[in-house]
Every structure is written in structure tokens, then in C-alpha cells.
Amino acid sequence: MKIVFIHGINNQKHHLRDVLTNWTSQIHRGAAMAGVKLPHISVVTVGYYAQRLYYATDKMVVDFGSLNDELPQFDRTKTFQMGMGGTIADGSYGDALIREYMQLANVEAPEREGEIEMGVWQGLTWLIDKAQDLLPPKWSKTVSRPFLKQAAVWANNRGLRNGIENQVANIIMGETDAHKPAAGFGDEPMVIISHSLGTAIAFRMLLNEELMKGTPIPLFITLGSPLPVKFIRMSLDQQELWRPENIGEWLNLYDKDDFVPVGSPIKKGDVGFDGVKNIEGVKLEHGEDAHAIGAHLRHPEISKALASVL
Numbered sequence: 020m021k022i023v024f025i026h027g028i029n030n031q032k033h034h035l036r037d038v039l040t041n042w043t044s045q046i047h048r049g050a051a052m053a054g055v056k057l058p059h060i061s062v063v064t065v066g067y068y069a070q071r072l073y074y075a076t077d078k079m080v081v082d083f084g085s086l087n088d089e090l091p092q093f094d095r096t097k098t099f100q101m102g103m104g105g106t107i108a109d110g111s112y113g114d115a116l117i118r119e120y121m122q123l124a125n126v127e128a129p130e131r132e133g134e135i136e137m138g139v140w141q142g143l144t145w146l147i148d149k150a151q152d153l154l155p156p157k158w159s160k161t162v163s164r165p166f167l168k169q170a171a172v173w174a175n176n177r178g179l180r181n182g183i184e185n186q187v188a189n190i191i192m193g194e195t196d197a198h199k200p201a202a203g204f205g206d207e208p209m210v211i212i213s214h215s216l217g218t219a220i221a222f223r224m225l226l227n228e229e230l231m232k233g234t235p236i237p238l239f240i241t242l243g244s245p246l247p248v249k250f251i252r253m254s255l256d257q258q259e260l261w262r263p264e265n266i267g268e269w270l271n272l273y274d275k276d277d278f279v280p281v282g283s284p285i286k287k288g289d290v291g292f293d294g295v296k297n298i299e300g301v302k303l304e305h306g307e308d309a310h311a312i313g314a315h316l317r318h319p320e321i322s323k324a325l326a327s328v329l
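Residue numbers for the sequence shown follow my numbering, beginning at 20 and rising by one.
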């Protein structure tokens with residue numbers, strides 16, 4: 020049984036091993052608090068893409084020294100790795116995504132005044148700044164700004180989406196060349212735990228039938244998922260969505276005060292299918308916000324679900 024963690028936005032300052040240590044620790048803490056006997060989680064892969072997304076957004080990477088030894092190398096000139104045909108401009112939903120979040124927060128998105136000439140990135144930055152000024156206090160600015168920034172860039176570039184998916188798939192398979200076309204996963208069962216934008220990246224990968232054919236997914240966990248948002252779903256690059264038959268239980272944990280899912284579950288009216296077990300509410304501690312990964316991983320339903328398949 021392979022266990023895969025797929026992280027969310029703003030993880031560029033966290034090394035792969037930091038994600039691994041933190042997530043594993045929080046899961047075991049939650050199990051202990053819930054009185055759940057959970058086997059020691061020792062064989063885990065982290066679907067790490069933080070540096071690629073950070074470079075696409077800010078043209079920077081964080082050098083951990085051993086980064087190139089422990090993570091797949093990617094040629095920065097190929098950050099936007101194309102696939103599925105088309106051009107980088109195809110499937111560009113960044114502006115629409117930011118405006119949808121503003122609408123869902125009951126804020127009127129402003130129009131640009133006059134004939135202002137802006138590049139794509141300048142236009143997204145302008146709109147994100149406006150969103151920060153207008154979003155109600157309920158939505159944490161420490162979450163909304165970095166999420167909108169990185170999610171909008173991801174949603175705006177199909178080539179980036181393809182490159183991240185290919186990189187995550189290669190990491191899962193132990194491949195060190197981030198640009199090598201990912202092969203199929205095979206028949207080893209895989210549990211996937213994903214958070215934030217990582218839930219969309221994970222689901223997009225699950226919809227890739229060439230990758231996932233014959234791979235059992237007894238448990239798929241999505242935490243703080245933006246999949247209720249239309250232009251996140253549009254960025255999955257499918258004409259329609261479906262629940263892959265190889266997914267056993269799909270557990271989705273969300274919080275009504277979390278900006279990323281806009282306090283919403285994953286429901287049939289949005290995604291077009293049933294079969295997602297939605298659980299509302301996380302218990303915060305030590306000043307955590309409602310999107311915090313630790314608060315989600317400590318939820319008793321997470322350790323119970325893991326105990327049922329491990």
C-alpha cells in the first residue's frame with residue numbers, strides 16, 4: 020500500500036521532508052486524541068511541486084542545498100511544460116477564478132478603468148490587490164492572498180498544470196526526471212491525502228486514465244478543497260467530471276470559515292456526481308486559521324478512515 024501526500028499552496032519554504040514530518044505527526048496526534056489505533060506510517064511519498072509553482076508565480080525558488088538531490092530537477096525554461104496540445108494561452112482561467120471568489124464572498128469585482136494596457140500577470144496582481152481591499156474580515160487575508168496568487172497562476176496556464184501533474188506523478192513513481200512523460204502507476208493500491216490546491220491537482224491526476232488505469236485508490240482524502248469553485252473545476256481540463264471507478268471511499272473535510280472552499284462541501288450540483296462523504300468543521304488550536312493543514316489532519320474521521328484501509 021502506497022500513501023501519497025499532495026500539499027497545497029505556499030509551501031515553497033517547506034522542504035519535502037518538512038511536509039512529510041508535519042503531516043505524519045499531525046495524523047498520529049489526531050489518532051491518539053481520538054483513541055484510534057493506527058499503524059506506524061512509514062512508507063509515504065510527498066507529491067511535491069512547491070518550487071515549480073513558486074517559480075511560475077514569483078520567478079524564484081528556495082534553495083535548500085540538497086534540493087536537487089532529493090527532489091526532481093526541472094529546467095526553469097520549461098516550467099510551463101505543455102501537453103494535451105494547444106498553447107500556453109489555452110485554458111486560461113486566472114482572472115475568472117479571482118472574480119468568482121469575489122462573487123462567492125458577496126463582493127462586486129471591479130472593472131479596469133479606461134484602456135489600461137496590462138500584461139497577464141500585472142492584471143492578475145491588480146485584481147488580487149483589489150480583492151484584498153474588498154473581501155470581508157471573515158476571510159483570512161493570510162490565506163486568501165497567497166491562495167489567490169498561486170491558484171490564479173495555476174489556473175491561468177494549462178502548461179503549468181500539465182507540468183505539475185507530470186512532476187507529481189514522477190515523484191510518486193520514484194522518477195527523478197521531472198520532464199520525463201509519466202508512465203502508468205500500475206496495480207499497487209494507493210491512498211491519497213491532499214490539501215488545498217493539492218486536492219485539485221490530485222483529482223486532475225485521478226482523471227488521467229492513462230496514469231491511473233488499473234490503480235486501486237481505496238481512500239481519497241481531500242482537505243480544504245477548492246473543488247466547489249467553478250473555475251478550479253474548469254482548470255481540470257475535462258469537458259465533464261466523473262468519479263473514477265477505482266476510487267473507494269472519498270472523504271472531504273471542509274470548514275465553513277475556510278476561504279479556499281468558500282465554506283462549501285463538494286456536492287453533486289457542482290461536480291456532477293455523488294459519492295463524496297463531506298464532513299464539516301475542524302478544531303483549531305494555537306492560533307490556527309480555518310485552512311490550516313494540521314487542524315484538518317487531526318480530525319478523528321481522518322485517522323478512522325486510514326485505520327480502515329491500512
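Be careful, since some hints might not be right.
Computed list of lysine-lysine pairs in DSS-like fashion (alpha-carbon distance at most 30 Å, straight line) [stated by the list, open to error]: (1) Lys275 to Lys160; (2) Lys287 to Lys232; (3) Lys160 to Lys232; (4) Lys160 to Lys32.
Keep in mind the hints are simulated off the structure, nothing from the lab.
Tested hints:
For the suggested pair Lys275 and Lys160, the alpha carbons sit about 16 Å apart, so the restraint of at most 30 Å is met. The suggested pairing of Lys287 with Lys232 holds, with an alpha-carbon distance near 24 Å, which does not exceed 30 Å. For the hint linking Lys160 to Lys232, the alpha-carbon distance of about 40 Å lies beyond 30 Å, and the restraint is violated. At most 30 Å may separate the alpha-carbon atoms for a hinted pair to count; Lys160 and Lys32 meet this at roughly 19 Å.
Hint 3 from the list above is the single one not met by this structure.
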